[in-house]
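K.L.:
Chains as they are written, first to last, in the numbering used here: chain A, 1 to 416; chain B, 417 to 477; chain C, 478 to 977.
In short, the hints are calculated from the structure, not lab data.
Glycine residues also receive a C-beta, built at the ideal position from the N, C-alpha and C atoms.
Heads up, none of these hints are tricks.
Rough simulated footprint, nothing fancy, chain B against chain C, three-plus residues with beta-carbon under 8 Å:
id : segment
1  : 595-606
2  : 638-644
3  : 661-668
Label-pair distances were calculated between CB atoms; the ranges are:
id : chain 1 : residue 1 : chain 2 : residue 2 : range
4  : A       : Glu280    : C       : Gly618    : 36 to 46 Å
5  : C       : Ala603    : A       : Lys78     : 53 to 63 Å
6  : A       : Gly200    : C       : Asp552    : 54 to 64 Å
7  : C       : Ser537    : A       : Leu129    : 16 to 26 Å
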Amino acid sequence: MEQISKANQEALQRMLRADPVLVDVVPAAQAIPALGKNMILHAGPPIEWPRMCGPMQGAICGIAVFENWAPDLQTAEKMAAGGEFDFQPNHHFGAVGPMTGLTTLSQPVMVVENRAFGNRAYCTINEGLGKVMRFGGNDAEVLARLGWLRSTLGPAMGRALRELGGIPLKALAARGLTMGDEMHQRNVGCSGLTLRALAGALARTSDDREALAEALDFIGGNDQFFLNIAMAMGKAIMDPVRDIEYATVVTAMSRNGTDFGIRVSGTGDDWFVAPVEMPEGLYFPGFTAADANPDMGDSTIVETIGLGGFAMGASPAVAGFVGAGAASTAADFTRNMAEITIGENPEWTIPGMDYRGVPSGIDIRLVVKTGIAPTINTGIAHKEPGIGQVGAGVVRAPMACFESALVAFAERVGVA
Amino acid sequence: MSNDKDQDVHLPQPPLRVINLGLERFSDDLDAQRVEVVQVDWSPPAGGNPRLAALLEKLGV
Amino acid sequence: MTGARATGVRRGFYLDSVALMRLSRSVSGITGVIEAALMMGTPSNIRVMTDAGLLDETFSEANGGDLVIAITANDRQAADYALHQANLLLDKPIETGATLGTWRPRTIESAHRALPGANLALVSVAGDYAAAEARKALRLGLHVMIFSDNVAVEEEADLKRQARGLGLLVMGPDCGTSIINGTPLAFANNVPRGRTGLIGASGTGIQEVACLIARGGGGISQAIGVGGRDLSAAVGAITTLMALDALDRDTDTEHVIIISKPPAPDVATLVIERVAASPKNFTLCFIGADGFELPANATFANTLKAAAESAFDGRRLDLDTDPMTPVLSRPMVDRHIQGLFSGGTLCAEAQVVLLAAGEAVASNVPVAGASAVGVYGSGHTLLDFGNDEYTRGRPHPMIDPEVRNRAVVAAIDDPSTGVILLDVVLGYGASENPAGHLHNLIGLRRKAASPAIIASVTGTDDDPQHRSSQVEILQSANITVAPSNADAAALALCCIRGTC
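The shape of chain A in the complex, shown without the other chains:
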């Protein structure tokens, strides 16, 4: 149908016109006025307490204590089970979060503004590796770190960003691609570039040498620091692509550790969900697939904009996590994703593939037709709360999401 082609082209054009800029860090309630007491935004499509996985529940108990809604973890758990918290997807409030992805009113969130359309998207600051809340950690160490982010690093980053007038992200990500990043599993290049961009401004807007040193150490010591920025960038890019009548382009992909959900431009705010799949990958010493938590996080917004698994051709090392692991197969992953997308992004190119642009604009029709589901590069969390990442690999979006989306879309446009 021609209307569908035209609508999809409009969707792609909006993606390519985006101009995402990291402009600020502010308390979540300032960015999202609706955020109030006992309201907890989480990763993935809507879900209620009984169906949540271990790390998600652990994180919720922790954040409730952090926000002083509960005196301790046990009380928090009772409150959660008793329905006293309002659980909402990040996506419904212009936000995204990695893994458990909890966003609550006092946490600092990074703000990415899409200057081409004026919309904004938000994501918390990456806590680092190991025992952190995004993996379900909720002990004193975890909460103390969150407190430090709130009191010190968040405001410091905010001052620095405002002084700079923001950091444009599209060009930064393009450089990352030339450095072996794909912005989901591999962010070390972009994280370094971000630190370079921020360092001077952090210094100029700081009056405490020790705090400055802590901030520089924290950002500099986290290879995955840029992940959360990439995610907010993804949300900022995709939100203006929502609600184009007749468009079959995917505007969001997300998981809550139980369900995988997608949203499609032409079907409004509907979520199409199916059980998450188990990743295929490699495990750190001491861990096996038996320890793995099901797939979780809003980070699949990165694949939605053509990075992550879609840009694997830029990041051959990541291909080592899958199958026979030959780095030369990395480009094949990108080529396969080109089978299910409507175009390429000419500003995000992969040098090793003759500078072809990353495949952009996932078309649910092509996914169902070819049977090729989006390939996602993901970290693997331990299923017990608070232990951390136990491996990394590749997971596929469930085909059932795209099939049900297709049927719903067809109904909407009057095709039986």
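Go by the hints and put chains B and C onto chain A.
P.N.:
This is chains B and C only, laid out in the frame that chain A set:
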């Protein structure tokens, strides 16, 4: 009967460049003759599900 | 801890973390190993390995630039062995991926992106899907050859109407043979370029005519397969008419041969009118038809051999002399001819030759004047093993000769059979050594009273199988090789009658 709007038919301009969907031996044979050929790793649309395949056709793919 | 630990350090040996994880997994898989890790000796990695019980708390022999190997196993022997293996793996050079250049597009659209100058799609997927793929090919501006059969005739007509609007050829469905710009496609032979163009609703028909012309010293400009139903009323000769347009424009083509079983009468008229309007010369080879009212620039041939001869202005074909074994010391009077064919048109041509000589003929694909198989008193039996009833769930006999060859064996043992008539088709797509198969099959089976076996070999010496060699192999099995399929049928008749 052809009508005025039909385009003139011309044989393909040499060299022949072939896309092969199906039996691999056809592309192997063309390869052996040094003809440029791409073999498609083809599978039925929608994994062979007729209902979805019909829907896809109506939706333009 | 129970069991044993083995630890190793490789100084200044760097591998990236993913490569190390893969090695760890390999070593962990060794019998007797509980767990293994290979990591660079940074403090945090040391901590990880210590926490996992792989290193002793006191381990301090490595720093960040060194590679640590840590193994726990059921016993000392297993631990030491695994450590040894780990070191071997580290010393082995990294395999280069054998996966370069093996990516294949999954759809015709992405294939087109990979080969933007593509001008022809060759479709041989299951019939249910062939029309849809052909439509996509047309949308991409490609000519299409559809080898697949089991496509609904309404779909075929629809597709061809669409193609006509676009000026693109749909060759097929059920098109086994084309030669475009000198390139054999699907089941086709290597023949020289020349002045004769072929338009054929039959694959083996095109093959036989092309090969006879080649062996007679001529050549083929283009051979356009149109599919078995193009000349039916439902399709109305769309591709045939377009092929005529294309060949009219082709400066290499001076003479055109149209090969088909007899078309529906209205369709024949359409084609003949179009032929009359062309400046070129034509031969209409409608096998088994009586004559037609023809314009001045056209002649009629009702066998493939006659059609081939028309390319040389009607003179007899000067084929390479096949050393024919003397026609049979014992005629097989009162016995039957059993024709066992892999090519439908070759079967039809043989029927025409026998019927023209006044014989009674039965076939599973009877031409006008022949009976269907099973009718009593129907004389000689000529079977096309490429027809549907033999190919359900089985490859075509030209790809896999087993079914036809089994029938050959049965015929040898059948006392009522006087002559077995065979076609042997060479070229691309055909099996590597059809003559060899037959040779081995027949082998020692034949006895004094066994039927004679007469074959023709459709092919050229430029074919992969090399026609002359195939002929020799057949002759060494006491199979008489006639110069053409029509000649083979005529020779079989001589044998049955005891005279030529």
